[in-house]
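**Student:** Chains as they are written, first to last, in the UniProt record's numbering: chain A, 1 to 145; chain B, 1 to 498.
Treat the hints with caution; some may be incorrect.
[What the hints assert, rightly or not] No farther apart than 20 Å at their CA atoms in a straight line, the calculated lysine to any residue pairs in the SDA-like style are these:
no., chain 1, residue 1, chain 2, residue 2
1, B, LYS384, A, ARG71
2, A, LYS108, B, LYS383
3, B, LYS216, A, LEU104
4, A, LYS108, A, PRO97
5, B, LYS216, B, LYS289
6, B, LYS383, A, LEU79
7, B, LYS233, B, LYS377
8, B, LYS383, A, PHE106
9, B, LYS384, A, LEU74
10, A, LYS41, A, VAL52
11, B, LYS282, B, GLY158
12, A, LYS69, B, ARG423
13, B, LYS242, B, GLY290
[Unchecked claim] Covered by chain B, according to a simulated footprint, are these stretches of chain A (three or more residues, beta-carbon under 8 Å):
no., region
14, 90-103
15, 107-114
Hint data in this document are derived by calculation from the structure and do not stem from the laboratory. All residues carry an ideal CB built from backbone N, CA and C; glycine is no exception.
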Amino acid sequence: MKTAEQIASFIVMILAVAVYAMTLQFPSLEGFETGPAFFPKMLSIVFFILGVLLFLQSFRSSNDKLPEKMRDALIIMVLMLVYLYLVTLLGFNISTPIILVIFLAFLKVRTWYSYIALPIGVTFFVYLIFQVFLGVPIPEGAMFG
Amino acid sequence: MLLQAFFDVFQFNVIGILILGVISGIAIGSLPGLTATMGVALLLPLTFGMSAVTGVLLLIGIYFGAIYGGSISAILINTPGTPSAAATTMDGYPLAQQGHAKKALMVSTISSGVGGTISVFFLIFFAPILADWALEFSAAESFALAIFGLSIITSIAGESMVKGLITGVAGLLIATMGLDPVSGFPRFTFGEVNLMNGLNFIPVMIGLFAASEAFKSMESINFQDKVKVTLNKAGLKWPEFKRIIPTILRSTGLGTFIGMIPAAGGDVASFVSYNEAKRFSKKPEEFGKGALEGISAPEAANNATTGGAMIPLLTLGIPGDAVTAVLLGAFLVQGLQPGPLLFQNHGEVVYALFIGMILANLLIIICGLSGIRLFVKVLDVPKKYLTPTILVLCVIGSYALNNNFFDVWVMMISGIVGYFMQRYGFPASPVILALILGPMAESNLRRALVMSEGSYSIFFTRPIACTLIILAILTLFTPLFRYLWNNHKKRKANSEAI
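My request is simple: use the sequences and hints to build the entire structure.
**Tutor:** See below:
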């Protein structure tokens, strides 16, 4: 926790400085008391102070390590990125069943019929509600669009 | 006239349409990414062929139902179905995780219905008086209201106030992305066209709440799938209900009032009422862990904004938010011009709408309570099936909003960031609060300063603005003082022990 908080405090401070630097290039408005830079500049100063406070506070945090079970969560994030890429390529209706089968396999689901029921069920449900019932288009993908 | 209105409403097809509206509203509201505004806008074309009362009541049913429906997914899967249910996740989800999903849903249903019904009575009796008052809100008052809303961050920050403030200020900074509201200068857009209008907060909200929660559940999914939330069949008991009555009434008042103010809707009202409920509570430490008041306050408030929002719409013809703007369109299509003349020329329509609105709120209670058994089935679905489904819904929900895949990437990045935030104790709610209130705060602050020619005295010489600012300062610093005081006491106790 301590290390994480210190890293976070540095990220906050660096972001604050970056935002402040960017606001310096914003034009000022003639005839107005406050320009586009006014609000973000003020916020970036507050943000920097908070970063410093977090850094100071981190010394009081415990050093104990969190249980490391992040692996599965990280794998799912990567799979989701693959899924989003697939959707832009093949469209929602084709990519969704594919990724759901991969998800189920990754989660070690053993019942064989889930591999058919869930992917088809979810895809059909979304298609029905969004496209048919509400008329909201669903992503078609570059290959078909 | 009243009798005529009764006959207009109590017809088989009108009641049927209203029930249809409320049920579709609940379904739309409970799906993340589909908001009340969207539901009303999507079904608006259906009303073109209907009579004025039927058509408008269909949309009102959807509007009211959707505002309530957002709480269902907020409670069951920690995903606010609509922005105004974001505050409901804070206590609704913990309570459901403890097995009391049924009780949580009962509280949200009854609070929503009661809050909504009372707000319609407010609308009927106080519409003209309140409308006059809300009209006095100018930039200074709106800024003060936004600041008051933002001051809640310290109370919802959780374990670390600094972390809560950091995520809040980060949200405010994100909210400044896009075209500057006064000069039109593009800020922090990095040449990306999709950022011109700033980041839409709904994909961010879906990512921070739903996707990050799904990622987190992966940590334990392969180890403890057997350990399910055991569902407690116990519903809401009478003494418990009696305890939340004051909360419902207070939140209804706040909600109606906030709903009346242009540009402040259910999202603002629910956070403000949540905080007030916490402040008035004898046990504020229970908030965030599944307090009944923590569910009933935001839910009564966000449904009460519906009655409030109708006040300026019907009496002045001014829509207070996006939903009422679409409703205004529905009126105009029917050849009705909302405003003072509507009451004179089409009195029977107005009364029919009032009766219909009360019915819609009663229907929420009926449909909600009878649907609970169906809703809680979601919790029976093993996480191995639920988590992938939620992730797919996150994708389609953020896409459906504007048919823009950019929003899906925003959702995904927010989900990843949200996962790490949650892991290291950075609360997500302040980000959403800041994204909602940030633009309101900035543009009104700058507009007020233009009005006063740069003098900050404008916020202290106007009574309403000044009151709100003082309340904001109190809200901001009370938790801080309490924290310091407790530390002081602890230290004193420690030194005495030595």
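**Student:** Evaluate each hint against the coordinates.
**Tutor:** Status of the hints after comparison with the structure:
no., hint, in the structure
1, B:LYS384 <-> A:ARG71, "16 Å, holds"
2, A:LYS108 <-> B:LYS383, "12 Å, holds"
3, B:LYS216 <-> A:LEU104, "17 Å, holds"
4, A:LYS108 <-> A:PRO97, "17 Å, holds"
5, B:LYS216 <-> B:LYS289, "18 Å, holds"
6, B:LYS383 <-> A:LEU79, "17 Å, holds"
7, B:LYS233 <-> B:LYS377, "12 Å, holds"
8, B:LYS383 <-> A:PHE106, "13 Å, holds"
9, B:LYS384 <-> A:LEU74, "16 Å, holds"
10, A:LYS41 <-> A:VAL52, "17 Å, holds"
11, B:LYS282 <-> B:GLY158, "18 Å, holds"
12, A:LYS69 <-> B:ARG423, "11 Å, holds"
13, B:LYS242 <-> B:GLY290, "17 Å, holds"
14, 90-103, "holds (count 5)"
15, 107-114, "holds (count 4)"
This entry satisfies every hint, going by the numbered hints stated previously.
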